[in-house]
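Asker: Heads up: the protein sequence lines correspond to chains A and B, in order. 21 is the number that our numbering gives to position 21 of the first sequence; each next residue is one higher, with no gaps. 48 is the number that our numbering gives to position 48 of the second sequence; each next residue is one higher, with no gaps.
By construction, these hints were calculated from the structure, which means they are not laboratory data. Among the clues, some could well be false.
Just the calculated beta-carbon pair ranges, DEER-fashion [stated by the list, open to error]:
1) B/Ser61 <-> A/Ser85: 38 to 48 Å
2) B/Thr62 <-> A/Pro41: 30 to 40 Å
3) B/Gly70 <-> A/Ser118: 25 to 35 Å
4) A/Gly15 <-> B/Thr19: 23 to 33 Å
5) A/Ser17 <-> B/Thr19: 37 to 47 Å
6) B/Gln81 <-> A/Val5: 22 to 32 Å
7) A/Ala57 <-> B/Ser13: 45 to 55 Å
Covered, in the sense of this in silico footprint (three residues per stretch, anywhere, with C-beta under 8 Å from a C-beta of chain B), are these stretches of chain A [to be verified]:
8) 45-54
9) 58-68
10) 98-105
By construction, the Cβ of each residue, glycine as well, lies at the ideal position given by its N, Cα and C atoms.
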Amino acid sequence: QVHLVQSGAEVKKPGASVKVSCRASGFTFMDVYIHWVRQAPGQGLEWMGRIIPSSGATSYAQKLQGRLTMAMDTSTSTHYMELSSLRSEDTAVYYCATDGGDHNFDYWGQGTLVTVSS
Amino acid sequence: QSALTQPASVSGSPGQSITISCTGTSSDVGGYDFVSWYQQHPGKAPKLLIYDVSERPSGVSTRFSGSKSGSTASLTISGLQAEDEADYYCCSYAGSDSWVFGGGTKLTAL
Chain A
1 QVHLVQSGAE
11 VKKPGASVKV
21 SCRASGFTFM
31 DVYIHWVRQA
41 PGQGLEWMGR
51 IIPSSGATSY
61 AQKLQGRLTM
71 AMDTSTSTHY
81 MELSSLRSED
91 TAVYYCATDG
101 GDHNFDYWGQ
111 GTLVTVSS
Chain B
1 QSALTQPASV
11 SGSPGQSITI
21 SCTGTSSDVG
31 GYDFVSWYQQ
41 HPGKAPKLLI
51 YDVSERPSGV
61 STRFSGSKSG
71 STASLTISGL
81 QAEDEADYYC
91 CSYAGSDSWV
101 FGGGTKLTAL
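Please work from the sequences and hints to get the whole structure.
Answerer: Laid out in structure tokens, this is it:
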């Protein structure tokens, strides 16, 4: 079955960058789009962006343009999300999720807590 | 892109039905039939409940149903159970390869 396994928690200083990984299994890696969604403590879900593995094409939320980079390693079936110039407001749990084919998110990783603190 | 509007909280007694609304604009909810709903228990990842406004993924209880009228989508939970107590989020495709979530609704089973 589908599994998305994410990397462990991170603590970063303001201004630094963080890279979170999401290892995929149970499906054909190149066929399934991946989204990244984050959730600040006690807050709601926020869509961050999407990558199309077959082409590498990405789409990012406007507010994160310029700071967000999504990439992948097909040899290890792993997706990556890198966020730069971190600020305290970026403290959140970051999730990767598969696109169900109809603009929804059908399988989710377990989440990765990123804490930005001086 | 502004978040979709959901009530902060709803409550109901076991066995009752409750409805959670999700209001957007003609650029998202009103413009596409790509509304989905997610259930999230504390400390857990969200779970897909409804997609394409009213479709249920395999394995999701028939007690969950979705609908849409204009720019407002709704999630109805019938026969409320204690295990339904969770946070619920709507999400809509918003065009130009972008998506927007609602602010979330906390469901309390009285």
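Asker: State the violated hints by number, sorted upward, taking the hints as numbered earlier in the document.
Answerer: Numbers 3 and 4, in rising order.
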